[in-house]
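Participant: Combine both chains into one complex, guided by the hints.
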Amino acid sequence: MTNVWLHRYAVLWSFCTLFLVVAGGLVTSNDAGLSVPDWPLSYGKLMPPMEGNIFYEHGHRMVATTVGLLTIGMAIWLMRAERRRWLRNLGWTALAAVVTQGVLGGMTVIFLLPKPVSIGHACLAQLFFSTTVAVALFTSKSWSRGPRVVDDAGAPPLHWLALATCVCVFLQLALGASVRHQALGILPHVVGAMIATGMVLWLSVRVLMRQTGHDALRRSALALLFITFLQVFLGIAAYMSRLATAEAPQPMPVMVGFTVAHVAVGALTLASSVVLAIQVFRNVRHPLAEIEPEGFAVPSA
Amino acid sequence: MNKILLSFGIATTVFFTGCGGSKPPETAKEESAAPAAAPTAADDANAATVTGKVSFSGEKPTPRTLDMSANPICARAHAGAPPKSEEVVVNGDGTLKNVFVWVKSGVPDRQWPVPGTPVELAQKGCMYGPHVIGVMAKQNIKIVNGDMTNHNIHPLPKINQEWNESQPPKGEDKLKSFAREEVMITVKCNVHPWMRSYIGVVNHPFFAVTGDDGTFSIKGLPPGKYTLEAWHEKYGPKDVDVTVAPKESKSVDFDFKG
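Sequence order for the protein chains is A and B. Residues 5 to 305 in this note's numbering are what the first sequence lists, from first letter to last. Residues 13 to 270 in this note's numbering are what the second sequence lists, from first letter to last.
Wrong hints could be hidden among the right ones.
Taking lysine-lysine and the BS3-like style, the derived pairs with C-alpha atoms no more than 25 Å apart in a straight line are [claimed, not checked]:
no.: 1; chain 1: B; residue 1: 259; chain 2: B; residue 2: 65
no.: 2; chain 1: B; residue 1: 65; chain 2: A; residue 2: 119
no.: 3; chain 1: B; residue 1: 250; chain 2: B; residue 2: 136
no.: 4; chain 1: B; residue 1: 116; chain 2: B; residue 2: 237
no.: 5; chain 1: A; residue 1: 49; chain 2: B; residue 2: 186
no.: 6; chain 1: B; residue 1: 231; chain 2: B; residue 2: 262
no.: 7; chain 1: B; residue 1: 269; chain 2: A; residue 2: 49
no.: 8; chain 1: B; residue 1: 231; chain 2: B; residue 2: 200
no.: 9; chain 1: B; residue 1: 72; chain 2: A; residue 2: 49
no.: 10; chain 1: B; residue 1: 170; chain 2: A; residue 2: 119
Computed from the model, here is a short list of chain A residues facing chain B with C-beta under 10 Å [claimed, not checked]:
no.: 11; residue: 56
no.: 12; residue: 61
no.: 13; residue: 254
Ranges of calculated distance between the beta carbons of each label pair, as one might list FRET restraints [claimed, not checked]:
no.: 14; chain 1: B; residue 1: 130; chain 2: A; residue 2: 44; range: 56 to 66 Å
no.: 15; chain 1: B; residue 1: 91; chain 2: A; residue 2: 49; range: 21 to 31 Å
no.: 16; chain 1: A; residue 1: 114; chain 2: B; residue 2: 63; range: 28 to 38 Å
no.: 17; chain 1: B; residue 1: 105; chain 2: A; residue 2: 114; range: 28 to 38 Å
no.: 18; chain 1: A; residue 1: 251; chain 2: B; residue 2: 84; range: 21 to 31 Å
no.: 19; chain 1: A; residue 1: 145; chain 2: B; residue 2: 182; range: 58 to 68 Å
Derived from the structure by calculation, the hints contain no laboratory data. A quick note: this is a predicted structure, and the numbers were derived from the prediction, not measured. Just so you know, even glycine gets a beta-carbon here, dropped at the ideal spot from N, CA and C.
In isolation and in its complexed conformation, chain B is listed as follows (with noise of 0.2 Å):
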């Protein structure tokens, strides 16, 4: 018998030095490189705009109910109407709300400005919103928790650094930024499963999230050759090229079929 305990003890070794002696995935420093040249605004007399609009085509989804019973702090917060996933939100005019558009590739190799005021996250009735965000790498995100239970705030970076926060009810803001581009960092809460929001972080100002109308407006781009990703959490990502000359008003149209 004493052989067993033996043979138990030595598997136990082998088995932790297999499984549980590497060090988590490395993943990004939050600060950037050397700084390069001073940050400049885009050339505003030259420059161009990019606008247009997401549409739907196919069977619009009907929109999944949200189980929020297990918190009864969240459950009374809809209890009016049962509240919805905003995974695929049809407009009423059949675009697509919450498609995260920017352009990939085309951008001067330049820093652009970051902007000094912070986008805000909230959480309220135990929801995102908004439920898409986009910020330049290293703009602030103000969190805010609105409800009064416990958050916890979880983004799943792949290149920028992972962290994970909880924030009790009305809790102080929290203000966090991440430090390289990544498009779309998802962001989900531990406590309340269905919560979930996408933050895309770019390096450049030239970026927009589709409203209740579907549309969105890029301004102050400048003249060149450029390629414009429309993102969309479950329909994925849709690229155009487009070309626009100094002080042109172009339009670009996307379009997700259901």
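Same shape as in the complex, but just chain A (with noise of 0.2 Å):
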């Protein structure tokens, strides 16, 4: 049985997060990290006054502790509420990573933006999302029905395929922080876009023509897709736009708006291929369950 106000929290838990990421791009492609000097208080004030790029440094840091609240009340809840083992521990997960997150945020800000440090911290945040989005799906009513488990015999596995997508999303991330952190330059992050699309695409595309019929498996396949495709547009656009506006003696808010909005679509590209994955380790049979190991074998008698 669902609890429906837990799921809606975590879907609440999951908007508020996307809006975090959002807050955190500003901070970076408005080059606002520096803007307050000290952590974890801002101009040794709770509320300092919000002006020019201080506005997008403290507006991240009061969204961060927002969302950074809103886990402490997932993991109790879980805790209290669920029955799942495995979920309760995916709570308490989420709750280690935010507050992780929140100390590599402020180790940015006292070590002058050390570029591991920033770069990590930019990648635990697109971890983080995807995660409020695995726990909104699996307190959802949809999984409480259970899976419809069906075969697929194509090669290579679909959960191998799966799981590598997931890997190469993320990657591709890692790489787009590296360039936005000026640790790489443009092209790694362009070859690892074409990779990243490539097993989008085949992922995709394989589970949309054999496994059409299955309600979960379809619709992840094509909001993945669809993300994805949406990605690549908004990776163009902000390249552009850099571009364009190179010369401008500041940010111009056409880079910063499709920057920004590649960085949270970027997420939601992440999280949507978790979501697939998942779907597929939970509806998908295994090709090797059906195996049975030689050297297990029962002797017939």
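Facilitator: Now the structure itself:
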């Protein structure tokens, strides 16, 4: 039986986290990361004057605090109301991730934006958002109806393809974060985009062609496909707008808008690849499950 | 599902070992190496002078307007005329302002006296003034906030120590210095992203910044062969070799094309 309010809370948590990703993107794009030079307080206060880039940096901290509180609430709610032990553990894992994320954010301020820490902060944000979406899925009504197991005899196994797609999308997001924080040039990110898009196409088209009658798989594959195409378009737009405004004396709204949208839809791309992978693992029978390893075969009488 | 959780935990651990564990780049220490002989001034009797002009040729760029609407205090300070970027300032006579001219090589290796007077870097109307300054290594820079808003001062050196400090409205002046020669150090304010300033830090006193007439004058130079560099934030550096005899005054001109 599902707890409707727990699911709604999880959905709210996911939306707030996506908003937090947007707020973080605005900090980087506006070069506001060090506009508040102290941490955890801002100018020694809980509420500094929200002028200039302080609005973005302190606003990001305020949204992050809200998400942190929501995460504590989720972990406690899961602990009290959820029977599935693994889901309760996932709540605590999310809490550990959000605390780590806060510490990484503080380190970026105190140590003046060290690239590995800034990139780590950006990558963990993406992983954390995917975790919130997964919890929303696990607490949903559709999940409680149970799996509808189907076979898929194609090669490579759909499970491996789904996992590999998640890994490729995550690595691509890490490359994007490296470009944002000037640790790498654009070329690896462009190559990564081709590989990640290719993997998404391979996985989604295969699911759509072979499992079109399975609602959960078809919807997840369509969502991943649509979001990925949107992401590729936003990536091109962000790059073009950056080139067009390179001479401007300050960040131009068109560049900031496309870049932040690219970051946010990047988070959605990873989350949708994770959702599809979860649906594949749940609903598609693993081909190896049918094979009885020779060494463990029960001898016939 | 426990396997998924375990995988997430391992992935996170591996990720942070790889991405977040390294130290920030090591920066230069503020202290200099062991002190050399006592500071010596140039030999005034034989000192030479290099003067010159930095001209600009080509199409004069239109200065870009700065959007200060994010901070009403900054915007109000320019209510009369919209603030313009100082990235390229071409004077009325076709010369270029804010060019840092310094003797890049050839200066005798001795410890030149560091002036006791600090060079002022003001924040007024949410703009740095002057836009380009030169100081000697270890010479103080007095940073003044004349605005009724918070600023932060964030130099981005590659050799010297990086720092980032806030300065409240009409707050106490800050005295800062850089230990090592570095041409140039970009200074920005992360609160107001349009604010940029550049500091040339040199081991000797032979440098100048062009002003409203695009000229420069470097005095007290010992006779010898030198390389002069003129640096502009958009057009980069240009070098010229020059030889000066005792008491000679020489003219050296630079030209930047737009």
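Participant: Indicate, hint by hint, whether the structure satisfies it.
Facilitator: We went through each hint and held it up to the structure:
1. 259/B to 65/B: 20 Å, holds
2. 65/B to 119/A: Given that 25 Å is the threshold and the Cα spacing comes to 41 Å, the pair is violated.
3. 250/B to 136/B: Violated - the C-alpha atoms of residue 136/B and residue 250/B are around 31 Å apart, more than 25 Å.
4. 116/B to 237/B: 11 Å, holds
5. 49/A to 186/B: Judged against 25 Å, a Cα distance of about 21 Å means the pair holds.
6. 231/B to 262/B: Judged against 25 Å, a Cα distance of about 10 Å means the pair holds.
7. 269/B to 49/A: 49 Å, violated
8. 231/B to 200/B: With a Cα-Cα distance of about 31 Å, the restraint between residue 231/B and residue 200/B is violated, given a limit of 25 Å.
9. 72/B to 49/A: Given pair residue 72/B, residue 49/A is violated - Cα atoms ~46 Å apart, limit 25 Å.
10. 170/B to 119/A: 15 Å, holds
11. 56: At 4 Å from the nearest chain B Cβ, residue 56/A passes the 10 Å test, so the hint holds.
12. 61: 8 Å, holds
13. 254: 4 Å, holds
14. 130/B to 44/A: 56 to 66 Å: 34 Å, violated
15. 91/B to 49/A: 21 to 31 Å: Because 29 Å falls inside the window, the suggested range holds.
16. 114/A to 63/B: 28 to 38 Å: Hint violated: Cβ distance 47 Å, outside 28 to 38 Å.
17. 105/B to 114/A: 28 to 38 Å: The hint (28 to 38 Å, Cβ to Cβ) is violated, given that residue 105/B and residue 114/A are roughly 48 Å apart.
18. 251/A to 84/B: 21 to 31 Å: Hint holds: Cβ distance 27 Å, inside 21 to 31 Å.
19. 145/A to 182/B: 58 to 68 Å: Since residue 145/A and residue 182/B have Cβ atoms about 60 Å apart, the given range 58 to 68 Å holds.
In summary, the structure is inconsistent with hints 2, 3, 7, 8, 9, 14, 16 and 17 from the numbered list given earlier, while agreeing with the others.
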